[in-house]
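Visitor: The residues making up each chain are set out below.
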Amino acid sequence: MPPPPSQSEKIKEPIFVKSVIPKRRQELLKWNGWGYNDSKFVVNVDEKQNIQVYFTGKRYPIGEVPLTHLAQWAIDMLNIDLTKPPKTSQPLPTESQYPESKIPQSILQQLENLGISHSIDVVDRVVRAHGQTLHDVYTLRNSVFERIPDVVVWPTCHDDVVKLVNLSNENNIVVIPYGGGTAVSGAVECPTNEPRPIISLDTTQMNKILWLDRDNLVACCESGIIGQDLERELGKMGFTTGHEPDSYEFSSLGGWVATRASGMKKNTYGNIEDLVVHVKMVTANGVLEKNCQVPRLSCGPDFNHVILGSEGSLGVITEVVIKIRPLPKCRKYGSIVFPNFETGVKFMREIAKRRLQPASIRLMDNEQFKFGMILKPEEGYFSLVLDGLKKFYLTKIKGFDVDQICVMTLLFEGDESDVKLSEKKLYEIAKQFGAIPAGETNGERGYMLTFVIAYVRDLALEYDVVAESFETSVPWDRAITLDRNVKQVVTNECKRLGITHFIINSRVTQTYDAGCVIYFYLGFNHKGLGDPVVLHNKLETKARDEIIACGGSISHHHGVGKLRRRWYPKTVSNVGLNLYLSVKKELDPKNIFATNNLVQSKL
Amino acid sequence: MDISRSYRKKMDVSRKYEDFLEFRRQENSNFLWVSRTLHPQVAYIQETPPTPSLHKHEVLHSPKIQELLEKLSIAQNVPKTYFEKQVKEILDEIGYNKSIKIIRWLGMVLTKICLKVSSGIYINGNKVQQIRSMMGNCPVIFVPSHRSYADFILMSYMCFTYEIAIPAIAAGMDFQGMWGMGTMLRDTGAFFMRRSYNDDSLYWTVFKQYIYQLMTRGDLPLEFFIEGTRSRSNKSLMPKFGLISMILKPFFFAQVPDVLFVPVSISYDRILEENLFAYELLGVPKPKETTSGFFKSLKILKEHFGSIFFHIGEPISSKEFFGNSIDRSIHNIAPLHKQELTEQEKSAIPPLAFEILNKQQQGFVLTIFNLVALTLNNTYTNKDKLPNILELKHKVQWLKGVMESLGAYIHCDDVERGIRECLVVHRNLICFNSDNEVCLVENQIQQGKINTVKLKAHQLTDQVMTYSVPFVELQLYVNPTLFHIVNLAILLAVIQKEGILNKEDLWDRYHFLRSLYAMEFVIPAQMEHTVFESALEHAIALNILRLAANKYDLGTNEELQNLLHNSFKPFLVSYSTVMLVLQNSPQTCEQKTILANVQRLLEDAINDREEFVHPYTLNLDTLNNCLNSLCAMLILKKIIRENVLSFEIDKRQLDVIKRRLDVYIPSLRINEDLLVNQQLQNKL
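Top line first, the protein sequences correspond to chains A and B.
Numbered according to UniProt numbering, the first sequence terminates at residue 603, and the numbering increases by one at each position without gaps.
Numbered according to UniProt numbering, the second sequence terminates at residue 684, and the numbering increases by one at each position without gaps.
Honestly, the hints are just simulated from the structure, not real lab data.
Possibly wrong hints are sitting among the right ones.
Claimed, not checked - Chain A regions said to be covered by chain B (calculated; three or more residues, Cβ under 8 Å): (1) 331-345; (2) 488-501; (3) 546-555.
All figures in this text were calculated on a predicted structure; none of them were measured in a lab.
Idealized CB from N, CA, C, for every residue including glycine.
Model the full assembly from the supplied sequences, consistent with the hints where possible.
Guide: Listed below in structure tokens is the structure:
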């Protein structure tokens with residue numbers, strides 16, 4: 001823990017943050033998958049056909065140790081033969097694979113004159129043509145995008161953006177804002193039928209912390225700052241935003257605002273809409289902002305909520321004043337084992353009712369619990385479960401069924417005494433639900449795995465397995481049936497499509513007063529069944545239809561983008577849809593932010 | 001889902017049935033079999049397997065019931081515990097139990113009985129296995145036809161045999177009164193439902209919640225009879241929508257991923273209750289089900305009942321059936337227990353109910369006796385010479401070909417052997433006369449003193465009863481064949497009376513008759529046209545009609561025309577007579593009076609013997625169908641006062657309909673005579 005900054009310490013503002021992620025992203029990050037180039041699952045097969053799977057690199061605690069159970073699990077669950085040579089990705093795209101940039105020379109010249117860095121290099125353009133949906137990654141590995149940006153520009157400040165938007169509006173050029181590139185909604189993909197030139201506006205070089213306001217505990221940051229950079233820099237000064245979405249290593253502040261992001265620790269710190277105090281958005285019609293930095297105001301509809309969730313369709317978010325908190329003195333993990341999923345959910349409901357949530361509380365279903373065990377380097381499902389507790393105790397004495405057990409992971413933050421008290425209360429209630437506290441290690445592992453799990457898909461893709469996640473929010477009383485029905489619908493649909501090996505599992509990731517969040521993972525072996533992206537879309541569409549039928553929402557934090565557009569009108573009503581369209585028309589009459597997110601524009 | 005396709009679809013003639021009693025016959029010890037370790041497949045696997053008492057507990061503590069009790073308690077200023085006690089009592093009246101001991105014991109008894117009185121219980125075993133393998137993921141509802149008390153006992157026995165969890169069965173309260181029987185049925189999974197005319201709102205709220213509970217938290221399959229009651233006529237009744245609506249509610253509320261309905265058609269070579277049914281159809285009151293009655297029925301052990309056929313239909317997925325026509329998300333706002341089905345949802349249910357019924361009707365297996373019955377019935381109607389066994393064989397052989405071409409499935413290895421078996425199984429109904437011809441058995445009936453209060457209509461004379469009962473019983477076995485031929489018979493009736501018609505006019509007349517008889521030969525209105533087209537094709541193919549210059553005319557298949565004509569005639573006569581009586585009734589008239597007058601007129605006509613009037617015309621089922629049909633056409637209006645049903649008659653509309661119908665009545669001579677007759681009687 002860093003020492004608290006002394007009051008006398010003068011910090012030079014603005015703080016020019018050196019980002020972990022370079023301007024040429026592909027130097028550090030995979031151009032065709034998730035995360036760092038040096039972090040991935042690899043499979044080694046020796047002459048005796050012994051398979052060894054491990055995770056490379058030392059960035060995550062799971063790295064460099066053999067994962068002895070993964071191979072068998074892959075065979076059992078997904079019919080993956082790891083001894084077979086993996087399907088490799090195509091190499092980095094070349095100029096010949098994509099049409100030449102359509103950006104007129106005159107525009108490039110004007111960019112030059114404005115002093116705004118830009119590139120028409122095909123790799124730069126392809127890297128910013130997508131987010132992290134299955135479609136995106138599968139396309140990167142196997143084919144080409146129908147449409148990529150014609151030029152990438154890197155503004156470095158709000159004024160640069162104002163100039164860029166004016167230039168684009170005058171010349172009728174499309175602008176697609178790009179932050180961390182972690183969208184899983186298709187939001188940054190170029191509309192395929194767009195005839196105008198497209199600019200990808202990469203905000204990452206606009207990542208200064210402009211100022212800190214210690215009296216009011218807010219910081220003003222440029223929107224391109226990446227989560228881990230923001231936290232590192234604030235941490236040096238003894239602060240945190242507490243906003244930690246699972247993608248926070250790579251996603252940007254502007255992206256969070258534009259998609260209505262939610263962080264793991266929202267119970268303590270709030271979701272992005274609770275954290276944002278002030279925000280600037282550059283629109284084709286000028287800058288939308290407020291004249292004060294106040295905690296709340298009663299002043300007509302809150303236009304922050306026009307910006308939040310706008311998904312790049314109304315303008316570019318440039319500067320955000322965000323709440324900060326002193327770093328917590330104590331941070332502690334925990335875990336609880338439940339006899340089954342339903343009991344776990346009931347427990348969560350009780351905790352929410354009493355508002356006793358720690359910073360984070362998550363419940364993994366049985367399948368995820370087992371998968372977590374698989375990713376352990378040691379032997380046996382139960383070898384390490386639960387400090388000191390043995391399988392025998394759980395199954396024989398407590399009568400838990402191995403095929404029903406669920407694990408809850410907890411994260412406490414705050415003063416030591418508060419954490420202790422919170423732990424005590426939680427574990428006491430857990431006991432009343434017939435659950436058993438299962439120690440810190442399991443909790444910590446659970447959260448670590450959250451970051452690692454995103455890497456699994458890249459391995460799976462090499463063996464004819466595709467995987468994707470989707471989420472929803474739902475009232476408490478419908479959570480269990482939603483979870484169950486969705487799994488059933490996916491199972492039925494897999495059978496119908498001839499998919500024999502698949503996984504569909506879930507976890508409850510957030511709790512609220514009035515409901516919770518359920519996060520699903522879906523993966524399947526598509527060998528011999530045709531285009532896996534098409535198959536997956538069929539499955540996910542059925543799943544979303546069922547989610548909505550069961551009282552769930554279009555999305556809790558992933559956003560709508562292009563992927564979930566079809567459910568937007570019904571979600572907001574026709575009046576709502578027209579309201580959005582009139583806002584769009586007012587802020588962007590030429591539709592230069594033609595992302596086609598939320599609503600397909602009528603071009 | 002395209003329902004119309006299923007109405008057009010031809011029955012797969014190559015069905016395969018296995019006799020599942022065969023194993024029982026062969027094994028050394030039935031006892032070892034009934035006491036084997038069971039691995040019953042449940043319908044909807046639950047994380048915590050529920051028990052019967054858990055269901056009751058959860059119903060009582062559901063928000064729906066609790067809120068209702070609080071409301072009642074405040075409104076009536078009575079402690080809530082008082083109502084809780086009531087709910088508990090209601091739940092004890094409703095709720096099923098499970099006693100594996102009783103089930104095994106019953107399994108033993110049933111095995112012994114079935115081996116003794118039946119020659120086999122046949123089932124399409126592949127389908128059972130298929131359904132078994134589909135189970136586990138959502139509620140599964142078995143929907144058997146209901147033509148005998150034996151239905152649900154045999155259904156449970158079938159499940160026991162194939163290791164499917166024995167369903168929770170919706171049973172009528174009348175069973176509960178039978179000493180010992182009620183408990184026994186309850187122990188094998190029956191739950192009890194009061195008759196719908198009971199309007200105790202607390203009871204119904206609890207009952208509905210109980211169904212909701214079984215659907216969402218239960219793991220057993222459910223079983224109910226969509227016709228609501230046993231069909232006395234051995235043909236399908238109009239579906240009821242109450243219970244199926246309760247069953248579908250959790251689906252519309254997205255509380256279950258799907259609901260699978262499995263139509264089951266159970267056909268009997270000989271119906272256990274045939275004699276009882278004949279009396280009931282004629283209006284002799286049904287004896288209350290008492291246990292002594294049950295033990296009396298043990299006499300059946302001395303009889304032979306031939307074979308029993310289970311046809312398990314293709315499961316119907318509610319989700320697929322409703323497809324996009326139902327938006328389940330409309331229930332997303334507000335707690336579910338404060339919501340009810342919407343009008344749109346309610347109106348979506350009848351098509352599904354009809355589809356299930358249609359699948360049952362298509363599934364029935366016909367036996368040789370159905371064809372023998374049809375043949376004999378025709379012979380009597382024509383007053384032809386009775387057939388000897390060889391002649392009968394030829395007729396049946398011919399009919400078999402006809403019926404098969406119409407999509408019926410007939411279980412038969414050898415026609416002659418089949419007929420000889422009929423003569424054994426149905427020796428109470430048919431026999432050889434002194435000329436070695438096959439004829440109906442006549443038994444003198446003496447009714448003794450009849451409690452007239454219990455009479456449902458007219459008191460028929462002993463003479464008419466003696467004459468009629470065999471005909472009515474025979475008709476019970478004719479009726480199942482009508483599903484396949486009634487549409488042809490209607491087309492024929494139209495062309496016979498109206499001569500050459502173009503398709504449009506033919507459809508117009510057909511549509512008139514078909515909808516008038518929609519309750520007699522159950523068909524949903526929206527399917528009439530599809531059925532019409534298919535019947536036309538068959539009529540041409542069988543040369544009942546022929547098509548020339550785009551017009552329809554009579555074909556030359558006189559033998560079949562005669563048969564069709566005669567099989568439909570009783571229904572024409574009954575309906576016409578009902579209308580005749582209505583025309584001559586006061587504006588508002590009690591149901592019982594109408595029925596009695598109709599029967600009186602027909603009784604005279606039957607006694608006349610000049611012209612053959614089929615005694616089945618007397619049956620109350622058909623007469624009531626006619627009344628109900630006229631109600632649906634808004635010609636009659638039901639009025640219930642002090643539990644007495646009356647009808648208000650729109651005479652102008654009635655005249656219009658009657659005139660249209662009478663075109664097709666084979667002979668009007670009777671009716672006019674009768675009319676005079678009736679007026680005379682009225683004067684007396």
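Visitor: Provide an ascending list of the numbers of those earlier hints which the structure does not satisfy.
Guide: none
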